[in-house]
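So you can see what is in the structure, the chains are spelled out below.
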Amino acid sequence: MAKIIEGLKYAPTHEWVRVEGGVAVIGVTDFAQMEMGDITYVDAPEVDDEVVAGEEFGALESVKASSDLISPVSGKVVEVNAELEDAPEKINEDAFANWIIKVEMSDPSELDALLDAAAYKNISE
Amino acid sequence: MKYYDKLIFELSRPGRKGYSLPENPYGPMLLPAGLGRGSKAMLPEVSEPDVVRHYTNLSQMNFGVDTGYYPLGSCTMKYNPKINEEIAAMPAFQGLHPLQDEATVPGVKAVYEGMDKALCAITGMKHFIFTPCAGAHGELTGLMIIREYHRRRGDLARTKIIVPDSAHGTNPASAAVCGLEVVEVRSTENGLVDVADLEKLLGPDIAGIMLTNPNTLGLFEREIGRIAELVHACGGLLYYDGANMNPLLGMVRPGDMDFDVMHLNLHKTFSTPHGGGGPGSGPVGVCAKLAGIADTMQVSGFHGNFGVILRAYAYILSLGREHVKMAGKLSVLNANYIKESLKDCYKLPIGSVCKHEFVFDGLVDDGSATGKAGATTLDVAKRLLDFGFHAPTIYFPLLFHQAMMIEPTETESPETLDAFIEVLRTIAAEAAADPDILHQAPHGTPVSRPDETRAARTPVVKYTPAV
Amino acid sequence: MFQYFPHTGEDIRRMLERIGADSLDALYADVPERFIYRGEYDLPAAMSEQQVRDFFEGLAAKNPKLKVFAGAGAYDHYTPSVIPYITSRSEFLTAYTPYQSEISQGTLRYIFEFQTVVCSLTGMDVSNASMYDGPTAAAEAMRICVSQAKKKNTVLVSATLLPQVLKVMEVYALNAGVRLVRIPAEGGQTSLQALGELIAAGDVAGAVVPSLNRYGIIEDHAGFADALHAAGALLVEYCDPSALAVLKSPAEWGADVAVGDGQPLGIPLCYGGPYVGFMACRQALIRKLPGRIVGETVDKDGKRCYVLTLQAREQHIRREKASSNICSNESLMALWVTVYAALMGPEGLREVNEISYGGAHYLEQQLLATGKFEKVFDAPFLKEFVLKPLVPVEELQQKLLDAGFFGALKTEEGYVSFCVTEKRTRAEIDRMVNVIREGWL
Numbered sequence: 005m006a007k008i009i010e011g012l013k014y015a016p017t018h019e020w021v022r023v024e025g026g027v028a029v030i031g032v033t034d035f036a037q038m039e040m041g042d043i044t045y046v047d048a049p050e051v052d053d054e055v056v057a058g059e060e061f062g063a064l065e066s067v068k069a070s071s072d073l074i075s076p077v078s079g080k081v082v083e084v085n086a087e088l089e090d091a092p093e094k095i096n097e098d099a100f101a102n103w104i105i106k107v108e109m110s111d112p113s114e115l116d117a118l119l120d121a122a123a124y125k126n127i128s129e
Numbered sequence: 012m013k014y015y016d017k018l019i020f021e022l023s024r025p026g027r028k029g030y031s032l033p034e035n036p037y038g039p040m041l042l043p044a045g046l047g048r049g050s051k052a053m054l055p056e057v058s059e060p061d062v063v064r065h066y067t068n069l070s071q072m073n074f075g076v077d078t079g080y081y082p083l084g085s086c087t088m089k090y091n092p093k094i095n096e097e098i099a100a101m102p103a104f105q106g107l108h109p110l111q112d113e114a115t116v117p118g119v120k121a122v123y124e125g126m127d128k129a130l131c132a133i134t135g136m137k138h139f140i141f142t143p144c145a146g147a148h149g150e151l152t153g154l155m156i157i158r159e160y161h162r163r164r165g166d167l168a169r170t171k172i173i174v175p176d177s178a179h180g181t182n183p184a185s186a187a188v189c190g191l192e193v194v195e196v197r198s199t200e201n202g203l204v205d206v207a208d209l210e211k212l213l214g215p216d217i218a219g220i221m222l223t224n225p226n227t228l229g230l231f232e233r234e235i236g237r238i239a240e241l242v243h244a245c246g247g248l249l250y251y252d253g254a255n256m257n258p259l260l261g262m263v264r265p266g267d268m269d270f271d272v273m274h275l276n277l278h279k280t281f282s283t284p285h286g287g288g289g290p291g292s293g294p295v296g297v298c299a300k301l302a303g304i305a306d307t308m309q310v311s312g313f314h315g316n317f318g319v320i321l322r323a324y325a326y327i328l329s330l331g332r333e334h335v336k337m338a339g340k341l342s343v344l345n346a347n348y349i350k351e352s353l354k355d356c357y358k359l360p361i362g363s364v365c366k367h368e369f370v371f372d373g374l375v376d377d378g379s380a381t382g383k384a385g386a387t388t389l390d391v392a393k394r395l396l397d398f399g400f401h402a403p404t405i406y407f408p409l410l411f412h413q414a415m416m417i418e419p420t421e422t423e424s425p426e427t428l429d430a431f432i433e434v435l436r437t438i439a440a441e442a443a444a445d446p447d448i449l450h451q452a453p454h455g456t457p458v459s460r461p462d463e464t465r466a467a468r469t470p471v472v473k474y475t476p477a478v
Numbered sequence: 005m006f007q008y009f010p011h012t013g014e015d016i017r018r019m020l021e022r023i024g025a026d027s028l029d030a031l032y033a034d035v036p037e038r039f040i041y042r043g044e045y046d047l048p049a050a051m052s053e054q055q056v057r058d059f060f061e062g063l064a065a066k067n068p069k070l071k072v073f074a075g076a077g078a079y080d081h082y083t084p085s086v087i088p089y090i091t092s093r094s095e096f097l098t099a100y101t102p103y104q105s106e107i108s109q110g111t112l113r114y115i116f117e118f119q120t121v122v123c124s125l126t127g128m129d130v131s132n133a134s135m136y137d138g139p140t141a142a143a144e145a146m147r148i149c150v151s152q153a154k155k156k157n158t159v160l161v162s163a164t165l166l167p168q169v170l171k172v173m174e175v176y177a178l179n180a181g182v183r184l185v186r187i188p189a190e191g192g193q194t195s196l197q198a199l200g201e202l203i204a205a206g207d208v209a210g211a212v213v214p215s216l217n218r219y220g221i222i223e224d225h226a227g228f229a230d231a232l233h234a235a236g237a238l239l240v241e242y243c244d245p246s247a248l249a250v251l252k253s254p255a256e257w258g259a260d261v262a263v264g265d266g267q268p269l270g271i272p273l274c275y276g277g278p279y280v281g282f283m284a285c286r287q288a289l290i291r292k293l294p295g296r297i298v299g300e301t302v303d304k305d306g307k308r309c310y311v312l313t314l315q316a317r318e319q320h321i322r323r324e325k326a327s328s329n330i331c332s333n334e335s336l337m338a339l340w341v342t343v344y345a346a347l348m349g350p351e352g353l354r355e356v357n358e359i360s361y362g363g364a365h366y367l368e369q370q371l372l373a374t375g376k377f378e379k380v381f382d383a384p385f386l387k388e389f390v391l392k393p394l395v396p397v398e399e400l401q402q403k404l405l406d407a408g409f410f411g412a413l414k415t416e417e418g419y420v421s422f423c424v425t426e427k428r429t430r431a432e433i434d435r436m437v438n439v440i441r442e443g444w445l
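Heads up: the sequence lines are chains A, X and V, in that order. If you're matching positions, the first sequence starts at 5 in our numbering and goes up one per residue. If you're matching positions, the second sequence starts at 12 in our numbering and goes up one per residue. If you're matching positions, the third sequence starts at 5 in our numbering and goes up one per residue.
Derived from the structure by calculation, the hints contain no laboratory data. Careful, some of the hints might be misleading.
[Said to hold, decoys possible] Below, in silico cross-link-like pairs of lysine-lysine (PhoX-like), each with a Cα-Cα straight-line distance of 20 Å or less:
(1) V:K69 with A:K68
(2) V:K325 with A:K68
(3) A:K80 with V:K414
(4) X:K17 with V:K154
(5) V:K69 with X:K13
(6) V:K155 with A:K80
(7) X:K120 with V:K69
(8) V:K304 with X:K13
(9) V:K304 with X:K17
(10) X:K171 with V:K325
(11) X:K120 with V:K307
[What the hints assert, rightly or not] Listing some non-contacts, in silico: residues in chain V with all C-beta distances to chain A over 12 Å:
(12) Y82
(13) R323
(14) G362
(15) Q401
No experiment lies behind these values; they were computed from the predicted model shown. All C-beta atoms, glycine included, are put in the ideal place defined by N, C-alpha and C.
The following block holds chain A by itself, in its conformation from the complex (with noise of 0.2 Å):
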């Protein structure tokens, strides 16, 4: 059973956030690294970019697959997680402990749109 973690918002592509203040954390679920397999890489965007919401800010690969990950939410990338450059394996080890990029909101209301743990638990079995 893939794990699902109260109080986060999630977006129905697999995507989790985490609000701190006008900064979304975003990573990707648990239910997506046990359907990716073992993570090999990490696509991940560059500090100053912009993100936006429905569309596609990197993605993961693993041995036989990749698979897009779409931005929650729009704004500009605060922060990006250096570690899984070397240690994607961190994914697999633990999907909400190791988010990907840290986003400067531009427009928080977007986060309204997204589901909460309930809803995604719906979507995700």
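Guided by the hints, dock chains X and V onto chain A, whose structure is given.
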């Protein structure tokens, strides 16, 4: 096959040599300061017998069509005739410089003209160009021709290309390299293009459609007449992906189905060896109105892979008009024979008559009833290696989760097919009784299953000497 | 019956019975009748093996045998006899792409060796499993520049690149929507000043420049990398891998990507193909590489082995988002150049360059001494050079052909180029020069 562990670099000893060159009758080389290499390139220093034995040992860890049965779907692994190799190796062809004037290479000119004529006869197209070096390269070139056609008519709005969801991955990738936006058309439950869905996609922004016929499920697109009418009526062109031309050889011509542009894989349909992944040749055929545009396409350095074209021409001349008619039919016979012989133990999602290949969707009984993890298509593929067969194409097309795509080709005897069928039945029985036998396979190959995750996470792509 | 088809009439009957079809034609019942070709194919009648051989020997005999003194992207270097012997082993020749690594370690291992040879010669960190040829490799490098730069869309190309490299890049660029801008030449070499001005104009994602150019000149690329990198653009070196045994490597020039054609590494001219392209780059760009890459790993039992790796970049997984549409390499030709590199080693390749250099400089001197040519560029060259002819070019070419030589290729400017490899003897050079000396008395 025995395991041999060396890399050529590991055999290197300073001062050893494997070459013999004439004495330098001139003075020393005087390169201006700043243009010469700083340090010597690390290349092996080995004797000639070292080289021969090393590569002979490497070859013995390899499986080819000459080694055994190679039922790789969509790859048309037919027998590669040996006379073709001798012809391609003739010094009088090998020594020709590509920039020689046509007048000094009448023999070459005859090869290109003869091939153009023969391929037109077989496909019903009007003209072929030979610069593309592979199937995907032919696709790209064909799409470039389509774009140029629209461009010359001043119709710049046609920026989209329709590709079925069952298409080879190269189709959308070639379209993207060609600057076209890919629009996917759905397949019906029967595995064919959904014509109703197609109609919704057509419009003034459509440059054309790419089709493989028979498609990647080995099924003939029987609505092709209607599809061609619809696409042409909207102003688009039809591209024929020749990857699956083999079953149509001698029976059906893409030109008669109203395709405007196509490519052929000489390394599939026309028997030239795959060479471990190339060189191939992907000549592009066009209808009359595109011939002028096609001739302007220089997509590789010179005249394409002449050595491959020579082999294919020799094959066509060997077959002649009599035997070309049998090649396609026998490939279809072989495919249907395997399909009908195994459909009780492998899931057959679409049961209708197939052409040169078909797709199973995994085992009927994967052994999960034993309480162990069920055997997958990957496991079946790996277990086949233990029995001396190459595996089919697996996990393609993407329409089925456990896809196993089998293409026997016409050059395999019924005895070979029977042996293959018997082994697949044995494997199915093993899976039902104890799937772990399959999970652990292969057991008898030079190496067992590789750690692909490690290879991808920390890529090591060249040899570095131990310090 | 036919020698490649094993089926007897009885076989066909038995197999149709299992399938439940009454005839071979019944297997095409799903094809609308109007698409079944009922005509006679306009093809010659089948030939026996001997007839096929005689036919091609007849064609081959029509091509006069010429001593090649031309280069321009295809070089007549010597092919050691070991190479075709090895590449014609059926285990290499008749294998497919090494999808099933457990029974493809032969192919995978020589590709790994090929990648190592390419990295050694270019000095770059990583290489792919090969490309179709040099010009297509250059076109793919152009795509890497644009993809890496994200928002910039101009790629600079030196006017001194081989004409066929420019042509192939142009058709790729046109369709990919990339703006290609020529860097003009000065004294037969890519101009650093012009490069600087074009970079200053903005939007530059990268530049492709030849280390050994269309005039045979060894270009000096000092300052190129700095100028490009300062603008966030990539430097792509187009090079002759044989010459890299003695010339400054792409890595030494500060290049990000190195491409070229492997043909000079002992591949026969063969009227232009098959050859093999190569592409190598800095580690940071590895995921931008098109096509196959072989990587080292271990098997379940810890044994060293090789696999196709980083496949998530490729078309069969990423489809329209793949780094390229290429889904093969020129594997057998990669084996060809790998065996060549193994036989020649660093010393053999150096000697090849020395003899070619010596022969080319001797020929240039002798040609100038005939008084029928003038020097065009005062620049260092290796095995190929251009001169301005003072006699009519067509006449010159015809006289050479009549005497059994292929040389004096005409350039766009009306110059003629000559190339000398280690295969050409001093006596052959003298004979050709004599033909010219005595051609216009």
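Taking the hints in turn, this is what the structure says about them:
1. Under the criterion of a C-alpha separation no larger than 20 Å, the hint pairing K69 of chain V with K68 of chain A is inconsistent with the structure, at around 51 Å.
2. The hinted pair formed by K325 of chain V and K68 of chain A meets the criterion: a straight-line CA distance of about 15 Å does not exceed 20 Å.
3. Proposed proximity of K80 of chain A and K414 of chain V is contradicted: the alpha carbons are some 56 Å apart, above 20 Å.
4. About 42 Å separates the Cα atoms of K17 of chain X and K154 of chain V, which puts this hinted pair outside 20 Å; it is violated.
5. Only pairs whose Cα atoms come within 20 Å are accepted, and K69 of chain V paired with K13 of chain X is rejected, the gap being roughly 45 Å.
6. The hinted pair formed by K155 of chain V and K80 of chain A meets the criterion: a straight-line CA distance of about 16 Å does not exceed 20 Å.
7. The hinted pair formed by K120 of chain X and K69 of chain V meets the criterion: a straight-line CA distance of about 16 Å does not exceed 20 Å.
8. Note on K304 of chain V and K13 of chain X: the hinted pairing holds, with a Cα-Cα distance of about 17 Å set against a maximum of 20 Å.
9. For the hint linking K304 of chain V to K17 of chain X, the alpha-carbon distance of about 19 Å falls within 20 Å, and the restraint holds.
10. As the CA atoms of K171 of chain X and K325 of chain V are separated by approximately 15 Å, the hinted pair is consistent with the 20 Å bound.
11. Among the hinted pairs, K120 of chain X with K307 of chain V is inconsistent with the structure: their alpha-carbon atoms are about 51 Å apart, more than 20 Å.
12. Listed as a non-interface residue, Y82 of chain V keeps its Cβ farther than 12 Å from every Cβ of chain A; the least gap is roughly 42 Å.
13. A beta-carbon of chain A is positioned within 12 Å of the beta-carbon of R323 of chain V; the least distance is around 10 Å.
14. At roughly 49 Å, the least C-beta separation between G362 of chain V and chain A is larger than 12 Å, which holds for a residue marked as non-interface.
15. Every C-beta of chain A lies more than 12 Å from that of Q401 of chain V, the closest at about 53 Å, which supports listing it as non-interface.
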